[in-house]
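Engineer: Spelled out from the first residue to the last, the chains are:
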Amino acid sequence: MLNKKTLISALFAVCASASAFAQPERPNIVVILADDLGYSDVSFNGSKDITTPNLDKLAANGTVMTSAYAAHPFCGPSRAGLMTGRYPHRFGSQFNLPTNHKSGGLGIPTDEKFISKVLQESGYYTVAVGKWHLGETPEYHPNARGFDDYYGFTGGGHDYFPEKYQKKYQASLARGMDATIFDYIRPLERNGKEVRETEYVTDGLARETAAYIDKASKQDKPFFIYAAFNAPHTPMQAKDEDMAMFPNIKDKKRKVYAGMVYALDRAVGRIVDQLKASGEYENTLIVFFSDNGGKTPTGASNEPLRGRKGDTLEGGYRVPMFFHWPNKIPARDNYYHVISALDLFPTFANLAGADLTGVKKLDGVDVLDAVINGENARPGQSVFAMRHRYGYSDVGVRKDNFKALRFGSKDEWQLYDVNKDPSETKDLSGKYPVLLSQLKEEAEIWAWQHAEPKWFHIHREGFQWREKAMPRFHETFNYKPMYGE
Amino acid sequence: MLNKKTLISALFAVCASASAFAQPERPNIVVILADDLGYSDVSFNGSKDITTPNLDKLAANGTVMTSAYAAHPFCGPSRAGLMTGRYPHRFGSQFNLPTNHKSGGLGIPTDEKFISKVLQESGYYTVAVGKWHLGETPEYHPNARGFDDYYGFTGGGHDYFPEKYQKKYQASLARGMDATIFDYIRPLERNGKEVRETEYVTDGLARETAAYIDKASKQDKPFFIYAAFNAPHTPMQAKDEDMAMFPNIKDKKRKVYAGMVYALDRAVGRIVDQLKASGEYENTLIVFFSDNGGKTPTGASNEPLRGRKGDTLEGGYRVPMFFHWPNKIPARDNYYHVISALDLFPTFANLAGADLTGVKKLDGVDVLDAVINGENARPGQSVFAMRHRYGYSDVGVRKDNFKALRFGSKDEWQLYDVNKDPSETKDLSGKYPVLLSQLKEEAEIWAWQHAEPKWFHIHREGFQWREKAMPRFHETFNYKPMYGE
Amino acid sequence: MLNKKTLISALFAVCASASAFAQPERPNIVVILADDLGYSDVSFNGSKDITTPNLDKLAANGTVMTSAYAAHPFCGPSRAGLMTGRYPHRFGSQFNLPTNHKSGGLGIPTDEKFISKVLQESGYYTVAVGKWHLGETPEYHPNARGFDDYYGFTGGGHDYFPEKYQKKYQASLARGMDATIFDYIRPLERNGKEVRETEYVTDGLARETAAYIDKASKQDKPFFIYAAFNAPHTPMQAKDEDMAMFPNIKDKKRKVYAGMVYALDRAVGRIVDQLKASGEYENTLIVFFSDNGGKTPTGASNEPLRGRKGDTLEGGYRVPMFFHWPNKIPARDNYYHVISALDLFPTFANLAGADLTGVKKLDGVDVLDAVINGENARPGQSVFAMRHRYGYSDVGVRKDNFKALRFGSKDEWQLYDVNKDPSETKDLSGKYPVLLSQLKEEAEIWAWQHAEPKWFHIHREGFQWREKAMPRFHETFNYKPMYGE
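Protein chains in written order, with my numbering: chain A, 1 to 485; chain B, 1 to 485; chain C, 1 to 485.
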């Protein structure tokens, strides 16, 4: 496959030097990423109370993946995996960056090449909109990682109502607290320059994404747009008109949550409208998914999955996902094979015929043909998740229909057929002990490749890591050496 | 300011290629650094028992800074900060290098560019005399860090009487203990070659500094001389004639200490005499200060400041300082605004019109204009100090007149107006809680940028660091995250 | 000496450009490394029950070193020291690599230049046969570290009987456990490509070594062959015919062990026969030794030395060794001066007149002249060993006839004249306290140069390291600083 790719890449290089000549065969790529969206919080994936008409329409005409996994059960590492095509543990990014402008000088290591950079170098016009969360200082900024244009906020989240957060921001400034103002209320930016957003942020990001599609469509190159909405991440702030769409929802939290998702769906509609208006709809691969599972305490639902954001239970990192590309991707509502957010890097790179020079060993696979044909893209290959807690690690190892699970500090591994039993209720570890031991062993081999965390979300996590002499993999894997030294 | 500098630098580059042409407008720079000299151990700064006539004369004709801070409360990191213009915590140099030739292969990271290198590259003749303490192997030697010439000892201190330490050294050699002989009794060196010093070391260093000034004055370039006296650092060894100058001092320790300071003052006189004799006095900026506060148990005094060397109390790192430059720096005995040893790097670099390529983000500011005009060089900007102890960290955050202080393992932050209350007696934390919380937060943001220590002074410190899962910043800052992940 | 080398190197460079011209004066070098072979498990070194006729013949015509030390008391670090000429602690390789294909991405750092690379660059044809144990992924493979050809297995050991291990391997494959199959039963390889070995592995490696000698002898360059037999390392598997050679050995373990050594001796015979047949015997330096002491629980004997593999007692790392080179190395059965496996790098490099550009500071010395003349190659210079245990470190410091020893967690250093008292029975620490304190101090200076371990053999070791806040050198050396900061 490498050879084919190299060839394609070489051809494009020739074309590129012949220049003004258009390359119709390379599709545009639009990634729409939701934030903390639960598995069953969109109607195409089973929500009974939240309606998402625009997403549903796309989903109905595309392939819905029912076993899609984020690269990690929470935000920062999940996005690091998406951008690098590699498990964040490999490069010490297994924790969120410190909040609140404490991440100066910290970010995803610059020797990890982002898919945006790969696509940019292969001739794509590249745009990021929304939440970044991968480093705030110049060397880690979207514009330094392969995005020609960027509009959004580089921290881990943002307030939604400009009039409110701007007031808070001005008050803080007046108190002389510039360096310490919380990320969530700082001004948005365009390519590093502060801007004054005026719309509810989800609407603002939709407006900008649409505008960039318009700009992109006027260029002689395909485009890659990474629209990373912060909805429905905290703070829980919805427009009254959006909440009013759900008169039947009585629970207050759920109502706010539903309103935030509804705004997200409206944003998707706006993006689709612009793609059509710009004549790019037919030649655009749209990938929609969430960065991790829903946070149930703030109103999300992952049913029928067990667990929530942060867990290695299915509810923690199995996410709603679809691919949409007219005449290429078939309409199918249950592509049940495993797909990982890590697969998007090689899939996109191959679509672009991109050169992978400088890209380290990727952890995902090109899934395009498998998705088109409804086949398993990685028979016999495992997909891993590991989340470090205070003194122990939770693990998930998904291979084909099965998943080995370690959850909680007690060293008891379980095994589930998560295809038949997505709620992880029937432990099959007694039935398939060899399979379980094989999955554990694979995860241990993977864990040996982890680097020490380069940062922690808060100082306390770092202390706990050191205090407990983490990562304590000997307990996680309970490894018994066979021969001596 | 960067642009102006670049321009000046470019102009000098042109001049340099035109070569033999003198550049009278660039001043010579002479840094005279004392070692462990207390805040009130020089008469110009309030000493009642120690007389320092030569220092006093310079101080009277220059600007005395009453709120000058070393980069760290003890020696190695303080000097690392001076040389790099950056907090030593940024590059893992927050502890002293191991003593006694155990620092083989250790030293201030070579990707930190020293002010000496910057000045050397901009056309200065550069000389270091005295104590180094920044790495002993060739890659860390003064000659490798930008000094054309060096005379002194690369360890952290030295005995003073040659006839005595040479005898001890020979006895050790005779016992076949070459590799393990204590640094303090080894021969001095000139540019890496052993020499046999014959004078009391303070006098010897003065002699060499004067000789280098003479050599420098015969060259067609300005010069930078870093005269780093070890006096009055331990071992406490004074000449009888110097102690005899203080018949009124009864305390034995204080008498020895006073004698050592008196010798240092004589050395300063000798340097000034040579500057005059060489015709360089008028065009030379002299900066005098101490690497940290006085060590009271060995006879120093930091009155009215609280605390001593090693503390983040004022007595630990507020030091006597003056700038002297005829017709440029006004005679002023109380420049009370904050100045940091970290400021010398950008100040000197700008004076030299030096190119800062390869220099990382500096922590100080160019203070020249502010000092000349008696203004605050960094309104609203904090200066930090942090010293790691066994299981906790002491912190000082100075901004304008105020200082937030954490001292001791109990998590109680205090706030002082150290301008009015340099003895840190009236805790204002209850009065200005917002200011205190802001200073804490700024220090926490700064702490996120620290690197793991690359070494420890003694192995025990390293064990303690690991045993207590340091740096335990969660306790130091008692940080409460606002939003979740 | 450097200058002489540089000169020779320059001359060879001239010769090399004149090309087809042979360089008869540069000898071939053949290193025959045994694995876990005990000090007294070869008859030339005192074994009373195991006969090793082929080794004995070489030993009788060469110089037998009675105080030869491996670079470390166990396998991986010992070989890392051999290949780099540097203590493995310097580059974080003080533990064995993780077993069982868990070492993906781990290996001896690539900025450590191997002797094989140095010899290859100086014009030698270079071959490795047998066990590698220095990294399994491509960047760490023998072919990437300076070996033109390689036949063997890259892990830390191997089963011996192909028909048996291949059956186990196929069974594992059939269970779909490819990623997790134990190293010891995987196929051997030639230059990265799997091969199907058919002979008892010791015989197979002998066959390949002989074949490479044949190939080498047909080239216009000298050769360097590193024949790293896994015998007599576990698993304990001997041929019946070899065990039958020892009817007097009743102990079952010892009988198997003896059979394995006998096969190794046969392999040596085969290598010698081929050297003679190829006409290379006279111009070849053969160095035979073991990577560490014998593992007594599996049948080895280190008598009269105390301790076994893994210990810093003499039995842990003093190993049988001889040099053989007709007309160059004299026949001598007791070269009693200290020699270290670390000495082979500079010795070989000088023999080849090799350029040492890119080679870091070597820890050994060129011993050739000293061996020829029966002199001490490093008078007054120490050879160190340090093995980290659970919460403490064992240390050995050998200088001239003496050895300082710390063994076990109690902080009691001992001193032995290991020349007269190789069993380490008479503690001389009371008699020579100054010498002991000097050796301790030297070891501490050396320890300051250690890097953090880059990996651990099993995850448990890593946890223990962190849990106990290792390396705890303050306890190992019980250092008391003389002056303050």
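Hints may contain errors.
Stated by the list, open to error - Pairs of lysine to any residue, SDA-like flavour, derived with a Cα cap of 20 Å: (1) B:Lys360 to A:His141; (2) A:Lys410 to A:Lys468; (3) A:Lys215 to A:Lys276; (4) C:Lys468 to A:Phe463; (5) B:Lys468 to A:Gln166; (6) C:Lys431 to B:Gly176; (7) A:Lys193 to A:Gly104; (8) A:Lys252 to A:Ser47; (9) C:Lys360 to B:Gly105; (10) C:Lys454 to A:Gly104; (11) A:Lys252 to A:Asp49; (12) B:Lys361 to A:Ser47; (13) B:Lys399 to B:Glu412.
Stated by the list, open to error - Partial chain A-side listing against chain C, Cβ under 8 Å, derived: (14) Phe91; (15) Ala244; (16) Phe246; (17) Gly380; (18) Ile445; (19) Arg472.
Source of the hints: derived by calculation from the structure; they are not laboratory data. Backbone N, C-alpha and C define an ideal beta-carbon position, used for all residues, glycine too.
Engineer: Would you mind marking each hint as holding or not holding in the structure?
Structural biologist: Taking the hints in turn, this is what the structure says about them:
| no. | hint | verdict |
| --- | --- | --- |
| 1 | B:Lys360 to A:His141 | holds, 18 Å |
| 2 | A:Lys410 to A:Lys468 | holds, 15 Å |
| 3 | A:Lys215 to A:Lys276 | holds, 14 Å |
| 4 | C:Lys468 to A:Phe463 | holds, 16 Å |
| 5 | B:Lys468 to A:Gln166 | violated, 42 Å |
| 6 | C:Lys431 to B:Gly176 | holds, 17 Å |
| 7 | A:Lys193 to A:Gly104 | holds, 17 Å |
| 8 | A:Lys252 to A:Ser47 | holds, 17 Å |
| 9 | C:Lys360 to B:Gly105 | holds, 12 Å |
| 10 | C:Lys454 to A:Gly104 | violated, 27 Å |
| 11 | A:Lys252 to A:Asp49 | holds, 13 Å |
| 12 | B:Lys361 to A:Ser47 | violated, 51 Å |
| 13 | B:Lys399 to B:Glu412 | holds, 19 Å |
| 14 | Phe91 | violated, 11 Å |
| 15 | Ala244 | violated, 54 Å |
| 16 | Phe246 | violated, 48 Å |
| 17 | Gly380 | holds, 6 Å |
| 18 | Ile445 | holds, 5 Å |
| 19 | Arg472 | holds, 5 Å |
The structure does not agree with the numbered hints 5, 10, 12, 14, 15 and 16 stated previously, though it agrees with the rest.
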